[in-house]
Amino acid sequence: MTDPKDNASAEVSVTVIGAGIGGVACAAILHRAGFTVDLYDQALAFGEVGGTITIDSFSLGVLQSWGLADGVRQYASDCSSIELRKMSGEFVRHSKFPGLSDLGIDVEGREGYRELFGIQRSDLHAELLKHIPAERTHTGMRLSHVVDRGDRAEAHFDSGEVVISSALVGADGIRSTVRRLFSDVKAKPADATICRGIVPVNVLPPGWPNDRMRRWEHVRPDGSSTNALFAPTRGGGHVGVDTSLYQGDLLEDLGDAPVPVERILATYPADTDPVVLNAMRIGMVNTRAYRLFDLPPIDEWSGDSVTLLGDAAHAMRPLLGQGANQAIQDADELARCLSRQENVTAALRAYETVRKPFTQALARAARNVSPEYNRHLTGTTI
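For the sequence shown, the UniProt record's numbering gives the first residue as 1, with consecutive numbering after it.
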């Protein structure tokens, strides 16, 4: 971690747009690095929706290097292996997750087995937010557009307020407003929807340890599928439960309205494992259907004083569990580049040069992961 008292970081002001996981990680890390950073979000209050996500040992190491990991670890639960079952409950296999290099990704020195941990998105978000001074967080600020003036960035908000800073980071998600500065590429809806919930650990049958992911799969003759995923979270005291739908009924007609539990259960076959049905009845209360989107590659995501981070730059499907991880790693690399480069423009160019090839490779790999996950488990069976 860089000591702000030992460098001129405080002379560089940074505006971060978007307070999802990427935005709060970026603001927290930049603050720890000694930069003057302000975080803006259009929501009236900071918060984070979503279910259980995975954070890997590499990203935990990044947070540790900035003194941000201790609070996160109390909520994280080991889930470094996956147990596959047919939707009826029939056991298929229990394996370690494939490494990134097994998926054809140049891991740039990150070879070897990665530990994975389940954590609620809201818990990770809240812990990172604690490391940002309250007076540096700003809600109810909807961004209109940004201007890159070369030696400074301007954030123009719908309220008429204009914020000027040395650098601006667009961490405003897959529908990024900041991204319009670089590209007119728009995210495209994928043939997939996810519904997420959380249940107490006692939904698991006696003798089932809450130390792994569990996935049930059902593929229909037409190629559509319904899948259930369980992942340990909140120190192992809870289980995150997901229903993922590929093709078929994607619940599009519901929009942002809560999904009736019976509508979710109707996507499962008649012989579904009772463990799954019970968990979905308990956990899928007031949940919503989240349509997945794909973001085509962007040729450039950094200017002289403006850059992108996380989903705004390289949104990826969740089957590799890398969205939050790559946003955290983006924030780490950005802070290091800003600390060691002679000016903001050089720092943003260096950051993009390092991060773009790896994140684009991950995004491609995530798009190619089959809902029939057993195809990817070529490693050791546990």
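No wet-lab data here; the hints were simulated from the structure.
Since the structure is predicted, the reported quantities are computational estimates derived from the model, not experimental observations.
There's no promise every hint is true.
[Stated by the list, open to error] Computed Cβ-Cβ distance ranges for the label pairs, DEER-style:
1. His138 x Arg180: 56 to 62 Å
2. Leu254 x Lys186: 32 to 38 Å
3. Asp184 x Pro274: 45 to 51 Å
4. Leu277 x Pro357: 27 to 33 Å
5. Asp184 x Gly223: 28 to 34 Å
6. Thr139 x Glu262: 31 to 37 Å
[Said to hold, decoys possible] Straight-line alpha carbon distances no greater than 27 Å define the calculated DSS-like cross-link-like pairs of lysine-lysine that follow:
7. Lys86 x Lys356
8. Lys96 x Lys86
9. Lys86 x Lys188
Positions of the beta carbon are idealized from the N, C-alpha and C atoms, including for glycine.
Quick rundown of the hints versus the structure:
The hinted range of 56 to 62 Å is not satisfied by His138 and Arg180, whose Cβ atoms lie roughly 21 Å apart. At about 23 Å, the beta-carbon gap between Leu254 and Lys186 misses the expected band of 32 to 38 Å. Take Asp184 and Pro274: their Cβ atoms lie about 49 Å apart, and the range 45 to 51 Å holds. The beta-carbon spacing between Leu277 and Pro357, approximately 43 Å, falls outside the hinted interval of 27 to 33 Å.
Remark: the range hint 28 to 34 Å for Asp184 to Gly223 is upheld by a beta-carbon distance near 32 Å. Against the hinted window of 31 to 37 Å, the Cβ-Cβ separation of Thr139 and Glu262 comes to about 36 Å, which satisfies the hint. The hinted pair formed by Lys86 and Lys356 fails the criterion: a straight-line CA distance of about 37 Å is larger than 27 Å. At most 27 Å may separate the alpha-carbon atoms for a hinted pair to count; Lys96 and Lys86 meet this at roughly 18 Å.
Taken as a hint, the Lys86 and Lys188 pair is broken in the structure, with Cα atoms around 30 Å apart against an allowance of 27 Å.
Consistency note: the structure conflicts with the earlier hints numbered 1, 2, 4, 7, 9.
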